[in-house]
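**Q** Construct all of the structure, not just a fragment, from the sequences and the given hints.
The sequence shown begins at 1 in the working numbering and counts up by one.
I should point out that these hints are in silico values taken from the structure, not numbers from a laboratory. We put the CB at the ideal spot given by N, CA and C, even for glycine. Treat the hints with caution; some may be incorrect.
Claimed, not checked - Pairs of lysine-lysine residues, derived as PhoX-like cross-links and limited to a Cα-Cα distance of at most 20 Å, are as follows:
hint	residue 1	residue 2
1	K209	K182
2	K47	K68
3	K182	K292
Said to hold, decoys possible - For each label pair, taking beta carbons as the anchor points, the in silico distance ranges come out as:
hint	residue 1	residue 2	range
4	E261	V153	20 to 28 Å
5	D330	K394	36 to 44 Å
6	K360	L120	37 to 45 Å
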Amino acid sequence: MKRSKIAVFVVGVLFHINSFGQTNYGGSGNYEADDSGLVNKEIIGNKIYYTEQLKGFFDKIQQVTKSKKGKINIVHIGDSHIQADFFSGRMRVLLQDKFGNGGLGFAFPYKLAKTNGNALVRYSSNAEWSSYRNIFPVKDANVGLSGIALSTVDKNAVIELSVRDASYGFSRMKVFTPSNTKDFNVGTSSRKVFLESSAPKKISHQIKKGESLTGIANKYGTTVGEIKKANNMKSTTIHPGKKLNIPSNQKVSSAVAVGTEMFNELSGEKNDVFYTFELGEELDRIYFYSNKQAEAYDLNGVVLENDKPGILYHTIGVNGARFSDYTKYDLFFRQLKGLEADLVIVSMGTNESFDRMNAKDFQAQVNAFLAKVKRVAPNASVLLTTPPPSYFSKDNPNTVAAELSNELIINGISGKYAIWDLYYNLGGTLGLSSLRENGLLSKDLVHYTVKGYEYTGDLFYEALLEAYNQFVKQ
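**A** As structure tokens, then:
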């Protein structure tokens, strides 16, 4: 076993030495790796290992491409490298350009959960929502397909979902809730619905000893004259302990009560784990409003589709997540079945590496997660990516990521998954300085810039497409 690990590590280092320094980062947009310096492209390079595990997925691509009917469902599960949807979003664009745009795929209102997420969909609501991530201990929260529970008890709650990109208009929607009950009515509106109002922010300042009106004005970015006007002052004399109203251009949002008569309710069909809404036309906006009979309102996410054949690329990511965090919530897997995955991509390992987890324990957690995936998606191909290079701290590279990457590669055959070696395709530990110099690694030295994630997406797409092209030639 040790000998195999060393062999894999040497291959990775050779790849770095021969190719990483020759990568052409170019300008913004497309980043192409120059692999002309590789010693042997058949042995070392940007490739996917154990591609025989992808046969079912490749068969589905051929079927949809030839018939021009149906969807190809790709589900990409991960941690913070995936939640923002830069890496996976780049894959979505490239694969849909090649094989057709079947719709946006899975979407979740991260904004309402007070965290970052996909920028392609905008959410607003008139209610306060509570959330709970799968990284926390199991309790009564309904953590499902998104990996984040989202709930409110507001019986007047309304959510507006709107897509920012016209190419992701949707004519079909699937709605996932914990008990697969109709907690929400779904509808459209011919009128503009205001869920939040903006009012000038009220700022009060208690005067301290030694302060001047000029200093207070400078602190809040206003003028002495504006403060005098707001407080009906005739002079600039102020007294410690007194309060001043500070004029501000800032706005604060407050909830607005919305009558359900504003909405045209749509009927949905109940399936095993979701409700389907056939919308009849392509929409860019839709509303969820509380069913008054429910005691609480939970939403695990939606799937947005159009009527065209092609790729649905579902992104599911949770900041800080590990394989074991997903495994402990059964609702996640029950709802995962509803995505009807043809390919499940899994990108985790960074957080396990920061835990200094040993390779044996890590692989056991990977296997436990994959066993549950395969129970609900037995016909799906599985493709893992190794964790990307990072630092534990400044000038202290994350060497555990290399150990976990090697473990994933070694166990691909017995685990029956394909694998793409992201760690070594980005240069491994030796490539970290180049990643920083070329603006691919973010300032926290763990995550990547948008440019870095898009470059990663380009590399991954090239490897996957090359594997598919080789399959077609056989």
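**Q** Look at each hint and say if it fits the structure.
**A** How the hints compare with the structure:
1. K209 <-> K182: violated, 59 Å
2. K47 <-> K68: violated, 28 Å
3. K182 <-> K292: holds, 11 Å
4. E261 <-> V153: 20 to 28 Å: holds, 23 Å
5. D330 <-> K394: 36 to 44 Å: holds, 41 Å
6. K360 <-> L120: 37 to 45 Å: holds, 40 Å
When the structure is compared with the earlier hints, violations turn up for hints 1, 2 and for no others.
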